[in-house]
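Sequence order for the protein chains is A and B.
full-length UniProt numbering numbers the first residue of the first sequence as 1 and each following residue consecutively.
full-length UniProt numbering numbers the first residue of the second sequence as 1 and each following residue consecutively.
Honestly, the hints are just simulated from the structure, not real lab data.
Note that this is a predicted model, so its numbers are computed, not measured.
Note that identical chains are pooled: a pair holds if it fits in a single copy or bridges any two copies.
In silico BS3-like pairs for lysine-lysine, Cα to Cα no more than 30 Å straight-line: (1) Lys167 <-> Lys216; (2) Lys45 <-> Lys103; (3) Lys58 <-> Lys3; (4) Lys58 <-> Lys8; (5) Lys49 <-> Lys103; (6) Lys138 <-> Lys91; (7) Lys138 <-> Lys15; (8) Lys49 <-> Lys138; (9) Lys216 <-> Lys229; (10) Lys167 <-> Lys182; (11) Lys58 <-> Lys12; (12) Lys45 <-> Lys138; (13) Lys167 <-> Lys209.
What follows is the residue order along each chain.
Protein chains: 2
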Amino acid sequence: MFKPVTIKDIAKELKLSTSTVSRALRGGYEISDETKKLVLDYAEKINFKRNPIALSLKERRSYSIGIVVCEVANVFFSQAIDGIESIAYSKGYNTIISQSHDKYEREVINMEHLANRSVDGIIISLAAETKNYEHIEKLHKQGLPIVFFDRILESMQTHKVTSNNVKGAFEATEYLIKKGCKKIAHLANSEQLSITAQRQIGYKDALTKHHIPFKKEYVRYCEHGGSMKDEVEQAMISLLNLPEKPDAIFVASDRLSMGCLAALKKHHSENIIVAGFSNSDVVELFSPSLSCVRQPAFEMGQIATEMLISIIEAKYPVEEFETRILDTTFSPIA
Amino acid sequence: MFKPVTIKDIAKELKLSTSTVSRALRGGYEISDETKKLVLDYAEKINFKRNPIALSLKERRSYSIGIVVCEVANVFFSQAIDGIESIAYSKGYNTIISQSHDKYEREVINMEHLANRSVDGIIISLAAETKNYEHIEKLHKQGLPIVFFDRILESMQTHKVTSNNVKGAFEATEYLIKKGCKKIAHLANSEQLSITAQRQIGYKDALTKHHIPFKKEYVRYCEHGGSMKDEVEQAMISLLNLPEKPDAIFVASDRLSMGCLAALKKHHSENIIVAGFSNSDVVELFSPSLSCVRQPAFEMGQIATEMLISIIEAKYPVEEFETRILDTTFSPIA
DNA sequence: GTGAAAGCGCTAACAC
DNA sequence: GTGTTAGCGCTTTCAC
Chain A
1 MFKPVTIKDI AKELKLSTST VSRALRGGYE ISDETKKLVL DYAEKINFKR
51 NPIALSLKER RSYSIGIVVC EVANVFFSQA IDGIESIAYS KGYNTIISQS
101 HDKYEREVIN MEHLANRSVD GIIISLAAET KNYEHIEKLH KQGLPIVFFD
151 RILESMQTHK VTSNNVKGAF EATEYLIKKG CKKIAHLANS EQLSITAQRQ
201 IGYKDALTKH HIPFKKEYVR YCEHGGSMKD EVEQAMISLL NLPEKPDAIF
251 VASDRLSMGC LAALKKHHSE NIIVAGFSNS DVVELFSPSL SCVRQPAFEM
301 GQIATEMLIS IIEAKYPVEE FETRILDTTF SPIA
Chain B
1 MFKPVTIKDI AKELKLSTST VSRALRGGYE ISDETKKLVL DYAEKINFKR
51 NPIALSLKER RSYSIGIVVC EVANVFFSQA IDGIESIAYS KGYNTIISQS
101 HDKYEREVIN MEHLANRSVD GIIISLAAET KNYEHIEKLH KQGLPIVFFD
151 RILESMQTHK VTSNNVKGAF EATEYLIKKG CKKIAHLANS EQLSITAQRQ
201 IGYKDALTKH HIPFKKEYVR YCEHGGSMKD EVEQAMISLL NLPEKPDAIF
251 VASDRLSMGC LAALKKHHSE NIIVAGFSNS DVVELFSPSL SCVRQPAFEM
301 GQIATEMLIS IIEAKYPVEE FETRILDTTF SPIA
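Whenever a hint applies, use it, and build me the whole structure from the sequences.
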């Protein structure tokens, strides 16, 4: 079976004590240069690596951080993960990625598992279904550092990173208005998500500015964030069947944008103009086309990670928390 | 700080020894039902969870399996990951996902890290850049169970899962031929990958069957799997500038397919017909359109995981290895 | 400058 | 049926 070299093996080989070896390895100042070199060279030679499991047990921390996102297949999240990893690795942390698939139960299980696994902190974007936050609050109260990004929990006292959802939504909606559209529908994520509220504000603001009345009938929520089969298509059908059929749609998330375009194509309504949040890197290939609001996902991941590590490594309990709001970029089609 | 309950706390509270508690918790037959109930109830009440770190240290295994893929943003891999997780979780294992981004160095670091992290085994699909396999062979020799999927290492004695790359490529190419194309180019991944060789065989077979000569000039390899900026576009440009400009392209992977379509659009060559490997779930939205060969990614992940766990849990060293080849599905456009 | 020993949380042989 | 003890690999007092 797989049996790595231990500090003991080195000690035996070099006729030293394990403590001396340990100290030499971590460059303890008490050790003579001679011994230090001896140990270091030998360790190098046999490719010794400290056992992080033992270290974790000893230090009650693991130098790993947990990530909870709805799914890695979503470009926004995979970019964010890349950002998280870039910072984490550079600071000596590893990451453990877990997916909630927008399910509340999965999120609960994932969080518990990460906590048991002794991650030093968690970076999370809430699942679409999550309405109860006890599982997070409990861990937070127990002292586990938690940072939110994208889909944040406003009520929790901790660091948060979002993009400027209001402005992003405003720009997209105003673009549709300037295109001459008057009946602009809004396809949204589940109602209780922070991003849903924010993006709806931007949508409404744009309507108001241009004297277009806001109509509740034009708004559809996807409770499962589009993870449920047919969820998005059903929402789209009900919009398309409205007596006053929309001439444009503002879509509030990546996954919904894809579902929206697919539904328009399927139901031969390509004349409806779509603008929405999406970080897709192949958006120029889409037909019907999509004007999109892009979030700085990579950077959001980086910042969230810096924030998390700052809490983890803080000498004293952190009392002051920050919410960073990054700008989105709007890329209209033509 | 975050301080979970330990078995010791329970022992103290219940005035028992830690071993009794430990045994009761795992349902040891020697413990009286009375004590067992006492312990179980109390553990339940205070929401006790065994510390997996301590367990790992003790048992020299972690009940976690490592995954190495080029990137999670790639649909094929994210689907495979979902398959892996489905089996892993059901059998009590956790997963640690790591991305090579098709870089050799990253792959080496990831593998080492996973091994140090005491994963019980690794499921890997090779990076496009990887040409040297010592990092894998070393761990394998040390007894770490390894299973390959998709981009496999033929020379290693272990379980492997692939899709029927030859047949998939054959079908796609033949489809192009039946569409009336005669000058069919081939955009491929890096040359040393198993899938590259296999898919090229299928491509050639189809040409041969229909009496079209194979031309080396029509083949382009992407050494970095398309992860390098402009890599795919450059390859495409050189194909488009050929004296005998191709009238169709068979593309050998998901990422390349996207790059290929983007390049065709950018260089106004939408008349060229494209067929290629892709597991994209929004392929019907693409323009130019893509006829695609789909791999059963989820199932491949599941099978790989079952194989891995069978090695991990084998009582005796496994000597007989299996290579499972799953069928692809071809979805032509129109 | 180096070694012996205790302890992180858990399990399992070995008492009793 | 339950307790004692040693040990997984490592760090870190405390001796010397």
